[in-house]
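Undergrad: These are the residues of each chain, in order.
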Amino acid sequence: MASRRIEERKAQHKRYKEDVERDGKPFFPHAMFHDTVMSLVVVVVIIGLACVWYFTAEGSDDPGWLGPHYTEKADPGTTDFIPRPDWFFYFLFYLLRIFKWPDTVVLGTVGIPNILLAILIALPFIDLRRERRLSRRPVAIVTAVIVVLAMGTLTYKGATAEEALGTQLVLAVPEWAEQQGFADDEDAVAGAEIFAQVGCGQCHQYLGTGSTNLGAPDLSDVGASNRGPEFFAGYVANPAQFGNNVMPPYAGLGEENLAKLGAFLDASKGPKG
Amino acid sequence: MALSDRGTAIATAPTRGEQLKHVALYPLTWLEERSGLVGAVNYFLFRKVPRDTSWFHTLGSATLTAFLVQAITGVVLAFYYKPDPDSAYQSIQFITNDLTLGWLVRGMHKWGASVFIILMFFHMARVFLFGAYKYPRELNWIIGVLLLAMGMLEGFTGYLLPWDQTAYWATVVGINLNGTAPVLGPFLAQFLSGGAEIGSDTLSKFYSLHMLVIPGAIIGLILLHLYLVIRLGVTSPPWSDEAAGRDRGEPAAPKGGRRGLMRPGRRSTNGQ
Numbered sequence: 001m002a003s004r005r006i007e008e009r010k011a012q013h014k015r016y017k018e019d020v021e022r023d024g025k026p027f028f029p030h031a032m033f034h035d036t037v038m039s040l041v042v043v044v045v046i047i048g049l050a051c052v053w054y055f056t057a058e059g060s061d062d063p064g065w066l067g068p069h070y071t072e073k074a075d076p077g078t079t080d081f082i083p084r085p086d087w088f089f090y091f092l093f094y095l096l097r098i099f100k101w102p103d104t105v106v107l108g109t110v111g112i113p114n115i116l117l118a119i120l121i122a123l124p125f126i127d128l129r130r131e132r133r134l135s136r137r138p139v140a141i142v143t144a145v146i147v148v149l150a151m152g153t154l155t156y157k158g159a160t161a162e163e164a165l166g167t168q169l170v171l172a173v174p175e176w177a178e179q180q181g182f183a184d185d186e187d188a189v190a191g192a193e194i195f196a197q198v199g200c201g202q203c204h205q206y207l208g209t210g211s212t213n214l215g216a217p218d219l220s221d222v223g224a225s226n227r228g229p230e231f232f233a234g235y236v237a238n239p240a241q242f243g244n245n246v247m248p249p250y251a252g253l254g255e256e257n258l259a260k261l262g263a264f265l266d267a268s269k270g271p272k273g
Numbered sequence: 001m002a003l004s005d006r007g008t009a010i011a012t013a014p015t016r017g018e019q020l021k022h023v024a025l026y027p028l029t030w031l032e033e034r035s036g037l038v039g040a041v042n043y044f045l046f047r048k049v050p051r052d053t054s055w056f057h058t059l060g061s062a063t064l065t066a067f068l069v070q071a072i073t074g075v076v077l078a079f080y081y082k083p084d085p086d087s088a089y090q091s092i093q094f095i096t097n098d099l100t101l102g103w104l105v106r107g108m109h110k111w112g113a114s115v116f117i118i119l120m121f122f123h124m125a126r127v128f129l130f131g132a133y134k135y136p137r138e139l140n141w142i143i144g145v146l147l148l149a150m151g152m153l154e155g156f157t158g159y160l161l162p163w164d165q166t167a168y169w170a171t172v173v174g175i176n177l178n179g180t181a182p183v184l185g186p187f188l189a190q191f192l193s194g195g196a197e198i199g200s201d202t203l204s205k206f207y208s209l210h211m212l213v214i215p216g217a218i219i220g221l222i223l224l225h226l227y228l229v230i231r232l233g234v235t236s237p238p239w240s241d242e243a244a245g246r247d248r249g250e251p252a253a254p255k256g257g258r259r260g261l262m263r264p265g266r267r268s269t270n271g272q
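Going down the list, the protein sequences come from chains A and B.
Residue numbering for the first sequence follows the numbering used here, beginning at 1 and increasing consecutively.
Residue numbering for the second sequence follows the numbering used here, beginning at 1 and increasing consecutively.
Chain A on its own, in the form it takes in the complex (with noise of 0.2 Å):
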């Protein structure tokens, strides 16, 4: 069975270069006539695209269509900006807000990406039929809809996706105090307002506000384990000497800053009643 099937695709190549031979054309020009075309359509795009990315946006302040020059200059000190991939990582980025830290992100960061690539290589392994009409190929055909429909939609995710801004989060830092009762507590106020600031937002959620990107855990209530705001401190700082490598280390922020937001953590027990 299988050695026939090699003889028939043998075989039926043989047939394809005596009919190629026979009543093809030649690739000049008439091939090449189309590919030429095509090539001077994709520069006059690309060319296209770079003017009207250049004429309607302004340096770092005017976005204009299609995105800013620059944004600001690069500084790891304020971590008050959201990361953002480049529109064709959008897929993988979306991704990461559904598998959750810690069980399942590695599913989302390597797991799935490397489990297509995989079979992406090894497609022609897979599908070893030598049809190749489209009527009578249904799961390729349903397949490719499939892969098509979920590319766009986690793009289209991705390319929407809220992020909360520190500067938004700041303005519930009272209501966050109330709910958790930690209002008379100064260090923990002071804290709640650094994790609003520095950014903690963009990638965890708390009571309610903020992302849940690279699977990042909701805090509303991660300090009703009672580990104390020295465990926090010491995590935030250094994330990686806990197994967690994708969380950034903090600990630029400075020891006081660092035991501020322990206390608001150590604080936040999860909301009251």
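Each hint can be trusted.
Have a look at the derived ranges for each label pair, beta carbon to beta carbon:
hint: 1; chain 1: B; residue 1: Thr29; chain 2: A; residue 2: Val148; range: 47 to 57 Å
hint: 2; chain 1: A; residue 1: Glu7; chain 2: B; residue 2: Leu101; range: 51 to 61 Å
hint: 3; chain 1: A; residue 1: Lys14; chain 2: B; residue 2: Thr15; range: 40 to 50 Å
hint: 4; chain 1: A; residue 1: Leu40; chain 2: B; residue 2: Thr15; range: 41 to 51 Å
hint: 5; chain 1: B; residue 1: Gly194; chain 2: A; residue 2: Leu116; range: 21 to 31 Å
hint: 6; chain 1: A; residue 1: Phe28; chain 2: B; residue 2: Trp239; range: 22 to 32 Å
hint: 7; chain 1: A; residue 1: Gly48; chain 2: B; residue 2: Leu212; range: 22 to 32 Å
hint: 8; chain 1: A; residue 1: Gly243; chain 2: B; residue 2: Leu101; range: 44 to 54 Å
hint: 9; chain 1: A; residue 1: Glu255; chain 2: B; residue 2: Asp86; range: 27 to 37 Å
hint: 10; chain 1: B; residue 1: Gln19; chain 2: A; residue 2: Glu7; range: 53 to 63 Å
In the DMTMM-like style, the derived pairs of lysine to aspartate or glutamate whose C-alpha atoms are separated by at most 20 Å in a straight line are:
hint: 11; chain 1: B; residue 1: Lys48; chain 2: A; residue 2: Glu18
hint: 12; chain 1: A; residue 1: Lys14; chain 2: B; residue 2: Glu138
hint: 13; chain 1: A; residue 1: Lys17; chain 2: B; residue 2: Glu242
hint: 14; chain 1: B; residue 1: Lys205; chain 2: A; residue 2: Asp75
hint: 15; chain 1: A; residue 1: Lys14; chain 2: B; residue 2: Glu242
hint: 16; chain 1: A; residue 1: Lys73; chain 2: B; residue 2: Asp201
hint: 17; chain 1: A; residue 1: Lys17; chain 2: B; residue 2: Asp241
hint: 18; chain 1: A; residue 1: Lys73; chain 2: B; residue 2: Asp84
hint: 19; chain 1: A; residue 1: Lys73; chain 2: B; residue 2: Asp98
hint: 20; chain 1: B; residue 1: Lys48; chain 2: A; residue 2: Glu21
hint: 21; chain 1: A; residue 1: Lys17; chain 2: B; residue 2: Asp247
hint: 22; chain 1: B; residue 1: Lys82; chain 2: A; residue 2: Asp75
hint: 23; chain 1: A; residue 1: Lys25; chain 2: B; residue 2: Asp52
hint: 24; chain 1: A; residue 1: Lys73; chain 2: A; residue 2: Asp62
hint: 25; chain 1: A; residue 1: Lys17; chain 2: B; residue 2: Glu138
hint: 26; chain 1: A; residue 1: Lys73; chain 2: A; residue 2: Glu58
hint: 27; chain 1: A; residue 1: Lys10; chain 2: B; residue 2: Glu138
hint: 28; chain 1: A; residue 1: Lys14; chain 2: B; residue 2: Asp241
hint: 29; chain 1: A; residue 1: Lys14; chain 2: B; residue 2: Asp52
hint: 30; chain 1: A; residue 1: Lys269; chain 2: A; residue 2: Glu178
hint: 31; chain 1: A; residue 1: Lys17; chain 2: A; residue 2: Glu7
hint: 32; chain 1: A; residue 1: Lys73; chain 2: B; residue 2: Asp86
hint: 33; chain 1: B; residue 1: Lys82; chain 2: A; residue 2: Glu72
hint: 34; chain 1: A; residue 1: Lys73; chain 2: B; residue 2: Glu197
hint: 35; chain 1: A; residue 1: Lys25; chain 2: B; residue 2: Asp241
hint: 36; chain 1: A; residue 1: Lys73; chain 2: A; residue 2: Asp61
hint: 37; chain 1: A; residue 1: Lys25; chain 2: B; residue 2: Glu242
These are computed hints drawn from the structure, not numbers from a lab.
Yeah, the Cβ is synthetic: ideal placement off N, Cα and C, and Gly gets one too.
On the provided structure of chain A, position chain B as indicated by the hints.
TA: Same frame as chain A, now just chain B:
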């Protein structure tokens, strides 16, 4: 000197036209004799392709064009870009605002990247829908997937180079994500960031990967890809009535009239 059977008088005294032709073509003859390149180009240009190739078949060369745009604009950008955290941002501002037509070169490089990636996906979709990854073209499909992965890596490494906030924070997250991979992850993240924080080591590494390592790999893979396309041939559209290599088992094609080649009892798969 051309041999002639018309007599030694002609052979020893070629006409003026023949002499001119000989002189004009001498560089080509010289090159062909020493390299075979003229024959190779000749073969490439005048090789036969199936009669029914269409606009769908232009996506591959369009992708190559987009890559060449990236290569050329990339070289120009490298003339003026400074891969070091203190001056990278300023050099990008200089290229965009002050350098003559620098905005165009940078804009073409920035947007050409998106066009390159979109075209790779379109080209892959075309190959998938045409079933063109099937025997004997499996290897070329794999090379294509590797090219796609390399293209995405170019996108990732190039994103950091402007050294603005967008670039910096996207890369922080990207490197941390690499760090979650089991076993190799932490090493990879450590290698890419080149220290505890993303800084000048990271920028140099990304620059080197972006303009030497990955483009080198891409060029090599593209040459292999093209070699295999030329060697194995281009597939006809699967819906074509006159697809090259189609089975002759089904009722004779309306236009073909190749009844003599019919092989009854075989299911048609419509060629390659």
